[in-house]
Amino acid sequence: MNSIHLKPTQKFITFSKSKLVIHQDAQEALLIWHQFRPRMKGINIGGLDDCYRPPLRLVIGKDSTYYFFNEFRRIDRVLTEEVSLRQPCLVAAESLQDIKRLAWSEVIELAFSRGIYHPEFFKALNTNAPKSIICELMNIDRLTVENYCKFAGINQSAYEYQQCKVADDQALLGLHKNMNWMDASYESN
1151 MNSIHLKPTQ KFITFSKSKL VIHQDAQEAL LIWHQFRPRM KGINIGGLDD
1201 CYRPPLRLVI GKDSTYYFFN EFRRIDRVLT EEVSLRQPCL VAAESLQDIK
1251 RLAWSEVIEL AFSRGIYHPE FFKALNTNAP KSIICELMNI DRLTVENYCK
1301 FAGINQSAYE YQQCKVADDQ ALLGLHKNMN WMDASYESN
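Numbering (the working numbering), first residue to last: 1151 to 1339.
Errors might be hidden in some of the hints.
Listed below are the simulated BS3-like cross-link pairs for lysine-lysine, each with C-alpha atoms no more than 25 Å apart in a straight line [said to hold, decoys possible]:
#, residue 1, residue 2
1, 1273, 1212
2, 1157, 1169
3, 1300, 1212
4, 1315, 1300
5, 1161, 1212
6, 1169, 1212
7, 1212, 1191
8, 1157, 1191
Hints in this document: simulated from the structure, not taken from any laboratory.
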């Protein structure tokens, strides 16, 4: 996928699902993004003139396949609702470090999403994300709960409350399969 062209080229491209795929260095970020993304509709920009839609950043492979690595929500919309529309694209030379940064920045932005379950999101970052890139993007030295909470703009007590709330909810759902204990308590009255 390394290209000789050092300058990015601008193109209008109509994609087929087979010619637009995730870059291999962004796959893990996309999986985590899909797991935690907010389930809400985006703004419909399909009616905009081609020149006014935001450009997609891509790299091109040897087989003329285009690889995306960021703008996951936009790509999702392109592949589901805007397949027949020409898309403005910025096709650049491959820079693996920048691809990883842009892919993981999409994931990191989810920390600011409404309704995100922060303990599970932190756990996913801590176990799956490249620590050096995450720390760089969050402008922290180490990925800790305290640093994550500061970055996400939440109190650590809110983080801990979410943790306890889920643990309590799981305990409440853990009812006995045998309900004979209910009969025994009613017989004593």
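Hint check results:
Note on residue 1273 and residue 1212: the hinted pairing is violated, with a Cα-Cα distance of about 37 Å set against a maximum of 25 Å. Between the alpha carbons of residue 1157 and residue 1169 the distance comes to roughly 22 Å, so the proposed pair stays at or under 25 Å and holds. As the CA atoms of residue 1300 and residue 1212 are separated by approximately 43 Å, the hinted pair breaks the 25 Å bound. Among the hinted pairs, residue 1315 with residue 1300 is consistent with the structure: their alpha-carbon atoms are about 21 Å apart, no more than 25 Å.
For the suggested pair residue 1161 and residue 1212, the alpha carbons sit about 17 Å apart, so the restraint of at most 25 Å is met. This hinted pair checks out: residue 1169 and residue 1212 have alpha carbons roughly 12 Å apart, not beyond 25 Å. Our distance criterion of 25 Å between C-alpha atoms is broken by residue 1212 and residue 1191, whose separation comes to about 35 Å. Of the supplied pair hints, the one linking residue 1157 and residue 1191 is violated, its CA atoms being roughly 35 Å apart against a limit of 25 Å.
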